[in-house]
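Following the hints, complete the assembly by docking chains B and C onto the known chain A.
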Amino acid sequence: MLQFLLRRLLYMIPTMIAISIVAFVIIQLPPGDFLTTMVASMAAQGEDMDQSAMRALEEQYGLGQPVHIQYLKWMQGILFRGDFGDSFGWNKPVSDLVWSRLALTFVLSLASLLFVWAVAFPIGIYSAVKQYSIGDYFATFIGFLGLATPNFLLALILMYIAFKFFNQSVGGLFSPEYTEAPWSWGKVADLFAHLWVPVVIIGTAGTASLIRIMRANLLDELRKPYVVTARAKGLPEWRLLFKYPVRIALNPFVSTVGWVLPTLVSGAAIVSIVLSLPTTGPLLIRALLQQDMYLAASFIMLLSILTVIGTLVSDLLLAWLDPRIRME
Amino acid sequence: MESPILIEIRNLKTHFYLDEGTVQAVNGVDFTIHQHKTLCVVGESGCGKSVTARSILQIVDQPGRIVEGEILYHRPDRLAAFSRRDAMSNENGSNDSNDSNGSETTEIIDLAALNPRGREIREIRGQDISMIFQEPMTSLSPIHTVGNQITEAITLHTDLLEDEAKEHAIELLRRVGIPRPDERFDTYPFELSGGMRQRVMIAMALSCNPALLIADEPTTAVDVTTQAQILELLEELQDEFGMAIMLITHDLGVVAEMADDVVVMYLGQVVERGDVDSIFHDPKHPYTQALLKSIPRLGVSRNRQRLDSIRGMVPDPYNRPTGCMFGPRCDHFMPGRCDAVNPPAIQLGPEREVNCLLYEEE
Amino acid sequence: MAVTDVKTLSPEAVAPGAAEAEIESSVSVASQWQLMWWKFRKHRMAMAGGIVTLIIYAIALFVEFLAPSSPGVIRADYTWAPPQRLHFFRQTDEGMRWDPYVNGYKVEIDPEALKRTFVIDEEQVVDAGFFVKGEPYEMWGLWEMDLHFVGSTDPEVPIYFLGADRMGRDLLSSMIYGTRVSMSIGLLGVFMSFFLGIMLGGVSGFYGGTVDNLIQRIIEFIRSIPTIPLWMGLAAALPTDWPPLRIYFGITIILSFIGWTGLARVVRGRFLSLRTEDFVMAARLDGANEVTTIWRHMVPSFFSHIIASLTLSIPGMILAETSLSFLGLGLRRPVVSWGVLLQEAQNIRSVATAPWLLIPGLAVLVAVLALNFFGDGLRDAADPYNR
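Residue numbers (the numbering used here), protein chains in the order written: chain A, 23 to 350; chain B, -2 to 359; chain C, 4 to 390.
Simulated from the structure, these hints should not be mistaken for lab results. The reader is advised that the hints may include incorrect statements.
[Claimed, not checked] Facing chain B, from chain A, some residues (calculated, C-beta under 10 Å):
| id | residue |
| --- | --- |
| 1 | Q153 |
| 2 | S155 |
| 3 | G157 |
| 4 | V249 |
| 5 | A252 |
| 6 | L257 |
| 7 | E259 |
| 8 | R261 |
| 9 | K265 |
| 10 | Y266 |
[Unchecked claim] BS3-like, lysine-lysine: derived pairs with alpha carbons at most 25 Å apart:
| id | chain 1 | residue 1 | chain 2 | residue 2 |
| --- | --- | --- | --- | --- |
| 11 | A | K152 | C | K109 |
| 12 | A | K265 | A | K152 |
| 13 | A | K246 | A | K265 |
| 14 | A | K114 | A | K95 |
| 15 | B | K163 | A | K265 |
| 16 | A | K246 | A | K152 |
| 17 | C | K109 | A | K186 |
These numbers were taken from a predicted model, which means no experiment stands behind them. For every residue, glycine included, the Cβ atom is placed at its ideal position computed from N, Cα and C.
Pulled out of the complex, with its shape left as it was, chain A reads as follows (with noise of 0.2 Å):
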């Protein structure tokens, strides 16, 4: 076991040192680079930069040397200072404002992906033990068009009734009085009070496929000769079924964290925008559009690592749970 979990360990180094250079690359695509993008803008508005600060900002970040030595100055101080670079649209350290956010973005993908196993288990199990009843019909139909709607739309359209007929903002994490207070319980319970909107909107999509994944799953192992030797065994259906087939399609079922998780931090992504709460989403987008390079690398790489590190912990669940994996 502890093998195993060095070896994934190991197997995570190359994964994490590619995704910083992709993220850093595509920063680096669009023509130009903030610091051409930060002068236009300020010409637009009549102003014009200061020489000895631009010098001071191109030496800073090797701006104008080749792309590998700017990124290897990023990583630097990166891996020795925690230093992710300034964001100029905002004038401040990166990792000023990318923590608190990924935080939460955290607890809104964590939220998300406990809301769609506990919703697609039971449901999935249902669908295919009862293959082909009316239930099952229904699950698939309502799966599918779970599955359609896009995550922003399903957003809109809750935004939009609660607006309409409750007079109601659905948006945000907090309530007024906790949006800039510190941390204490009453503003905890407030988060939990705000989430779930948020939560079952992103996890719709990832329920529905969920929900086909398990009852797929579960379909074929109904279909394996130890569910008959169970039943000749004489054990009761219900037992059996959560003994034995329940039991192993569990294991497919966990080790689809590795793709959930990336589809909960995307749908979190949009739906925050959307919803305007105050997570990576917003400030990424609009890091992308200002070519706020440093600020945007820094946010595609840590939800990238993030949900590398969920998939990592997914598969040591699933070590866990499957005795076939942990012996391998």
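Just chains B and C, lined up with the frame of chain A:
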């Protein structure tokens, strides 16, 4: 000496309702299983052997179900069952069980009439009648330990406590020839070889000392040496535990070695049944004759004769012939008769029947 | 045998079950495609999905004719005009008469917000009609036409069947034009990912070993990155001064850049399982070269699966494009896609004033749902021997 009847199957029909049509997997099967005896059911793949066996336990997979017929289980009386259990726990392995239940069957249950998900059939499964399967690889859950799966069967049907059940399970593992059973208790099936897994299956099946062990091609998926060992083990265990065995196979060599009685099936019907000697030495049905001709024999093949194979192919299940099922492939086909009448069972002697118009008395 | 029996009997003598028996007896000789069609046909939702998909693509084909006007026509005096319902019959003295019309608008001033709003005026009648002459257009860019499927008979008075947006643009026309863009971007993106996927997946599955390992790692890597941020990053990298068509292709390439991984996995899985099949071995032993082995023997055997997987990846592409355009990172006017239209609905105030701006979302929903059902049915049918 005839031993008392254990299972009596009368006109059993199990059909599968598929979208493409109805498959009459078992279509009017009659035979009996006697206590402590081994009955072999032979036939090509797809002839309904397995479905017949599964019908007995009511574990036919969807969308199949028993549509007609009776499966009468003559339940040996409780006392006898207890004495067998005592005999086993005494570890003496004496054969006294054979005398102790010399026959008073008190209860006759029609298994075909029981609700497949009901309590009654569940109590019979694993306790009175247990089953082992062809694929020892997949017939055990891959993520539960061997011990867990055996003790489950024990605690389900007895009042034994967890640790008593464990002790019993380890004892069973030793009995089926698994070395270091107390260590093996905690291993997972994927850590064992095919032969070992089949032994585990046997241990599990015998854990509640059943009156009948159904073995559905137990040696098909293992190599020849292991096959011999498993069959030998089954024979030993039969002497010791005193259960009847219903052995399903397509291997006539296995039949010759194991069987007391033989049932030959073709396309969901019994074509011939009788004791092993008369089937091998005096086969009546053209199909049985053809089957016997198709096995290679040492010494006989010296003159480089080609092995006989049965003409034609098994017809597809949606397209069954009229009249005798074997008609289209039969060398003695009588036009106008064999394709008109489904031959009834013709008594040739006690427990000796053939379903063929050739033997019809005028 | 049963078939010949049926033929020799006179029609009256055929028992009710005979037709069924005929089907049953032919199950054993039916070709793979026939079996697939039978299986697909039984899947009612898939049939419905297939039909809706066909209709949507037909709409995409004939947008110029179907749309009452072109999507970019701005009429500032019709800001946020609500939808006008089409009435087919008109009440006259002689009773109901076939004469399509809509009710016109009247302007009301909201005393609080001091805002002009349009409301439907039951008194006013604007004549509408089918196959009316209207704004001229070039059909498929090939020839001039001015016939529209439905519209106002008076070119001076526009009709908004689904309402107007902030700039008085007709939502129905925009949506119909958007169909072409949204649906084609899905198709095009899928074809691009298809080539990437089948190539890399095929190479991976066919050769196995190190190549396989490398490609698998790359796939895993791409899949582990959350798609939306990645897409956002890539889309933001497209220069804003590119012409619309180039942006369109750029977005398509970005979408397929991530979309190919799923297909590659399917193809690889198939290759791995087929590689050891006897018929592939036989082809190899016969001296067929690798390309022949792959294209003549292996690909046909999982072609049906590929089609199903392709169909199932179109919705993902459509949703992705919609999301990107919605965020303002994807397509931009004058190109209209459903996502571009939904961008108008980005803030709650516009939605509150003009809820009909959400209607393009319905189009996305219907298209994606139809494609999903269709693809699901195809996938089930793709393996007719499997139950």
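**Message:** Hint by hint, where does the structure go against what was stated? Just the numbers, ascending.
**Reply:** 2, 3 and 11
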